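Engineer: Kindly generate the complete structure, drawing on both the sequences and the hints.
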Amino acid sequence: MSVPSLNSFLEYRPWRGLRNPVWMGAFAITRESLKLIFTRKVFWVVFSLAVLNFLLYFFGQYLFFWVADQQPDGLVRVGGFGRANQNDMLQFLRSVLKMDGSPETFRNFINLQSRGIIVLLVLAGASLLGEDLNQGSLIFYQSKSGGMSNYIGGKFLAASFLVHLFATIPALFLFLEICFIDTWTYLLYHPRLLLGIIGYGFVINLGLVSLLFATVGFFRSTIGLIMCWAGVFFLLPSLCAIMIDRLKLNPAFRVLDFWYCVERLGEKCLGASPTLHPSQTDHSLNPWLAAASLSFVFMVSSILTIRIYFKKGVES
Amino acid sequence: MEFLKSFIQGVKSQLAVHLFRARVGHGLFWVSVGFLMLVAGVVVSVNLKNQWNYKTLKPRGQVGLNFKNSIEMIEAGSLVLGHNAGVSAVCSAVASAGSGLLVQSGFPVFTKNVVFSVLLGFLLPLWCLTFAVEGLGAEREGKTLFWLFSKPVPRSSIYIGKFLAVLPWVLIWSLGGFFVLAVCAGDCGLFAFKLFWQPIALASVTYASVFFFMGACFPRASLIALAYAFVVETLLGSMPGSLKQLSVAFYARCIMFQKSAELGVVLEQGGGYGDFSETMAICFMMGIALLFLVAGIFFFGKIELRGQR
Amino acid sequence: MGDEIAVIRCRNLTRKFGSKTVLNNVSFEVSQGIIGLLGPNGAGKSTLIKLILGLDIPTSGDISLFGKTKVELGKIGFMPEAKAIIPSMKGFEFVAFAGELEGLKRKDALRRSHEILDCLSMGEARFRKLGEYSTGMIQKVKLAQALVHDPDLLILDEPTAGLDPPARNQMLDYLSYFARQQGKSIVLSTHLLGDVQAVCDQVVVLNFGVCLASCSLEKLVGNKADSYLIEVAGNQIDAIVALGERCVGSQDMGGFTKVFVQCDSSLGINNIASKILAAGGVIKKFVPLEGNLDDVFFALLDKQRLVAN
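Chains as they are written, first to last, in the working numbering: chain A, 1 to 316; chain U, 317 to 625; chain H, 626 to 934.
Careful, some of the hints might be misleading.
Simulated crosslink set (DSSO-like; lysine-lysine; CA at most 27 Å straight-line) [said to hold, decoys possible]:
no.: 1; chain 1: H; residue 1: K900; chain 2: H; residue 2: K844
no.: 2; chain 1: H; residue 1: K645; chain 2: A; residue 2: K311
no.: 3; chain 1: H; residue 1: K700; chain 2: A; residue 2: K311
no.: 4; chain 1: H; residue 1: K900; chain 2: H; residue 2: K883
no.: 5; chain 1: A; residue 1: K311; chain 2: H; residue 2: K693
no.: 6; chain 1: H; residue 1: K883; chain 2: A; residue 2: K35
Partial list, derived from the structure: chain H residues whose beta carbon lies under 7 Å from chain A [stated by the list, open to error]:
no.: 7; residue: L678
no.: 8; residue: L680
no.: 9; residue: L698
no.: 10; residue: F703
no.: 11; residue: P705
no.: 12; residue: A707
no.: 13; residue: E725
no.: 14; residue: E727
no.: 15; residue: G728
no.: 16; residue: R737
no.: 17; residue: D877
Selected chain U positions facing chain A (in silico; Cβ < 8 Å) [said to hold, decoys possible]:
no.: 18; residue: G343
no.: 19; residue: V347
no.: 20; residue: G350
no.: 21; residue: M353
no.: 22; residue: L364
no.: 23; residue: N429
no.: 24; residue: V434
no.: 25; residue: F438
no.: 26; residue: K459
no.: 27; residue: I540
What the hints contain is simulated information worked out from the structure, not anything from laboratory work.
Keep in mind that this is a model prediction, so the values were computed, not measured.
Don't be surprised by glycine CBs; every beta carbon is placed ideally from N, CA and C.
Structural biologist: Listed below in structure tokens is the structure:
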């Protein structure tokens, strides 16, 4: 190997072009993080499950409105399988699957989709955020003009995009579908539903993403993340079930159950009636308490995030 | 003879180094502490409300009166039927027996809700995992195995030495955690602890053996161990049918089931826990522990350090 | 030096972590050129760099870059010591990404990225993923990402770490090209004396958080005729103290001490000799110094130790 002489260089050209505002860098971070997530297999697995669920609801709704539109002669042809009772089918779709364009439809749909988001974030969240902390690439972002605020902003946008990709956007599609199949008066009669879908999306977004930032920042590994989220999404609900459903303690204890609070708030956003176990009285949590619990988690997570990512002067 | 000497030497050196320095994954220890504190807090708050008993539970499913109401009704019946001395006496006897049972009912309620489900199905595997996987897993990840293998002691001694060094930590942590929960629950908890500390200890040894095997023999062992803990122990372990016989927790539950059955308390109807006698369950658990220990020694001896520096 | 604006000026810079003082009252001023930031491991180089970049806040004192106390990161390019890459990105994408973070438009950033990688003769390797790069290529990409927005000041933390000799020479060639022909200021943090001697104009020597010297390389190494090596025996410490500022460094050789002395017109050779003799020292040898950086560096460190004692 010979040492290259200076003559072998191509000339370096100074550059004094126009620059974007510094905060635009956040979008670059978002784009690159999403690219990273899209290369992961786990994303496509979870995504295809989510798509399946979406299709189930999509055609379920379609079936509901189609059956409702048939001549009220009591029998409907179902493909080549013969005839089914129209009222039975409507009843099945309405009360069992709850695919009748009611607030409960959207609540159930978004709840199911958000399970997918949790699995995705818990498995891929560490590669979204944690690896920068582990491999020391954080200093790469710190030394750029936007610094950590761009980094946090960009990553927040990326994670939020995933949440909305799974929950809000498909729910809005379902809403539009009903508008097209039924009539546009559906929109007039249910403006709250439209806002509720968006509102629920943002509740999930804030709750999950802030939790993700804090836990990834604290544990820095997929293992810690999984353990911690298992505690939040598995242990807490089962403890609350023991306390409230079995030992009949005060339902206010449900504030401990973070994910229940998120779902409860979503229920309120959509105006859906709470799910009750058979013969159970309404033990659901006061939505204000749920909101308080969620904002507590949000605040603690934000403080942790700021302390972890904006810490100045770490000894190396 | 020569082999035995170096074997003992290896075990001794591993014990000396690692017995007092438990290796715990970053933050995992704190998650374990957090889980313990959370569950302890819940147990305390239930205890404060004096709810560790059948008071609010309903005899069959979710429908109808709960135990307390039924007893009160029987008591009321004895008053209403006061004119008939015989019926009244029977009613009040049943009522007082019921109230006595209510006071004593803390043990089954606590056992069923906390020990049987949360502790065995969730906390214990995670606690054991926290300590056991890192035992040799950290050496793998930190790529210090090469150094360890360059020592003139058999690999099996390294494996056993480390396992023995990890074991006390696992036992202290799981029994200690159980004890903390028991103290929080009060008398019924302490009774449960006295009765059940042996199966819990046995289960933690078995878990330790399983997780230690994973740490020694698989790359990314923590993930595999976590997947095992959640899928096999938590999910399969709580499924109806015979699939749960795959989980370690099942055998611990069998022992506990037998032990409480001797006292006349049936912890779970139709769980299949009665199919295995206590001795059989103990044998099964020890068998699993030994199997994984031997398998671990075998595979650990065969590891090729590829790409390790 | 005085007529142009100082690139970096530190005044009484102190940084404490708890009771540990990492930087102690560091003051220096450097102008355009390649500035070697020299010191053994743990001398406080990385902390100083973080302070310059504004990633850390000094306990007391202040820093100004180009005469301004507010750090403009857009004018600085930083090449970290840590790997600090995103393994799944391709080389040119990574450099363009760095440009975008500095506010370049995507199109400009991509064009700049290719230009700079051409300039660093990266060839086709830029289309491969960073995870597959060798250390030499990673260092080049890290240099490229620091250059992409055409900064005035480049701060390089150990740019030659882990490079083989040809790659190291190439890296040093690049640095002198950018400083001499493109007019960039470069801070080169290193513990490799050879790197500093090869390319640096100015040197800042740090040890245990204390700035031992900050001057031009020529002055430090003493290629000029007014630097001398004196071997002093007898009352060595008093003699060194008597020389005060004139003594640039000393090295304890056991029995006698090598003292490096800087003279100027106001204080001639005779004067220095008489000072040493007056303090009770015995002069064994008095020769003009044509040493290299190694001698001076070790002398500086040794003097610090001596004074501290």
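Engineer: Where does the structure disagree with the numbered hints, that is, which hint numbers, in rising order?
Structural biologist: 6, 17, 21, 22, 26 and 27
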